[in-house]
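A.B. asks: Per numbering that gives the first Met the number 0, the sequence shown starts with residue 0, numbered consecutively.
Hint data in this document are derived by calculation from the structure and do not stem from the laboratory.
Note that the structure is predicted; figures quoted are calculated from it, not measured.
Among the hints, erroneous ones may be present.
[Claimed, not checked] Restricting the straight-line Cα-Cα distance to at most 27 angstroms, the calculated cross-link-like pairs of lysine-lysine (DSSO-like) are:
no., residue 1, residue 2
1, K24, K96
2, K80, K24
3, K80, K99
4, K80, K57
5, K57, K99
6, K80, K96
7, K80, K40
8, K99, K40
9, K57, K96
10, K24, K57
11, K96, K40
12, K24, K40
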Amino acid sequence: MKTQQPLERIFCNISMHFASEQDAKSALELLHSSLECTMSKNGCLDCRVLMDSNEPVKVDYLEQWQTEEAFRRHVGSHDFKHVFFAMDMCCESPGVKIEKVVSQSGLDYLRTVYEEGIGLVTGEWKQTGSIRIME
C-alpha cells in the first residue's frame, strides 16, 4: 500500500461583531477588496468573507493555507493590513482562531486507522472499484 505524505494546513477563522449593519458592511467591503490578491498568493488554498443574514452585524473571515510559512508571510504582508483594519472596527474583541492541522489524508488514512484497531481487526478485504472493504 502506498502511503501518502503528511499534510499541513493552517486555518484562520476571525469572527467579528460590529456596532451597526453599516459598520459590518464597511468591513465586508474592506475585506473583499483584498480577497483576489490573497487568493493569488503562493500557498493560499481558500479565502472567504461571510456575513450571516440572520445576524447582519457579524462578519466571519476565513483563510486556509498550505503551510505555516506561507501563512506567516501573508500575515506580515501589506494585504493582511485590511484584516487588521476590519478588526479595529469591531465593537468588541474579535474571536481569532488559528489551527494548524497535520495529518494523513484520504483513503490511506482510513485504512491506517482501521488497521490500528479502530474497527474489526480480522477479515478479508474485498475489492469494490478503487475501494477495498473489509467483510
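A.B. asks: Does the alpha-carbon distance linking K80 and K40 stay inside the 27 angstroms limit?
C.D. replies: With Cα atoms ~15 angstroms apart, K80 and K40 stay inside 27 angstroms; holds.
A.B. asks: Does the structure keep K80 and K24 at a Cα separation of 27 angstroms or less?
C.D. replies: 18 angstroms, holds
A.B. asks: Does the structure keep K24 and K96 at a Cα separation of 27 angstroms or less?
C.D. replies: 22 angstroms, holds
A.B. asks: Verify the proposed pairing of K24 with K40, using a straight-line Cα cut of 27 angstroms.
C.D. replies: 25 angstroms, holds
A.B. asks: Quickly compare the C-alpha distance for K99 and K40 to 27 angstroms and report which way the hint goes.
C.D. replies: Since the Cα atoms of K99 and K40 sit roughly 19 angstroms apart, the hinted pair holds (cutoff 27 angstroms).
A.B. asks: Need the status of pair K57, K96: alpha-carbon distance at most 27 angstroms?
C.D. replies: 16 angstroms, holds
A.B. asks: Taken at face value, is the distance from the CA of K99 to the CA of K80 at most 27 angstroms?
C.D. replies: Given that 27 angstroms is the threshold and the Cα spacing comes to 22 angstroms, the pair holds.
A.B. asks: Holds or violated: are the alpha carbons of K57 and K99 at most 27 angstroms from each other?
C.D. replies: Holds, because 25 angstroms separates the two Cα atoms, which is no more than 27 angstroms.
A.B. asks: What's the verdict on K96 and K40, does the C-alpha distance respect the 27 angstroms limit or exceed it?
C.D. replies: 21 angstroms, holds
A.B. asks: Do the alpha carbons of K80 and K57 lie within 27 angstroms of each other, as the hint requires?
C.D. replies: Given pair K80, K57 holds - Cα atoms ~19 angstroms apart, limit 27 angstroms.
A.B. asks: Would you check the hint for K24 and K57, treating anything up to 27 angstroms between C-alpha atoms as holding?
C.D. replies: 9 angstroms, holds
A.B. asks: Keeping to a limit of 27 angstroms between CA atoms, is the pair of K80 and K96 held or broken?
C.D. replies: Roughly 18 angstroms between the alpha carbons, so the hint for K80 and K96 holds.
Hint compliance for this structure: no hint is broken.
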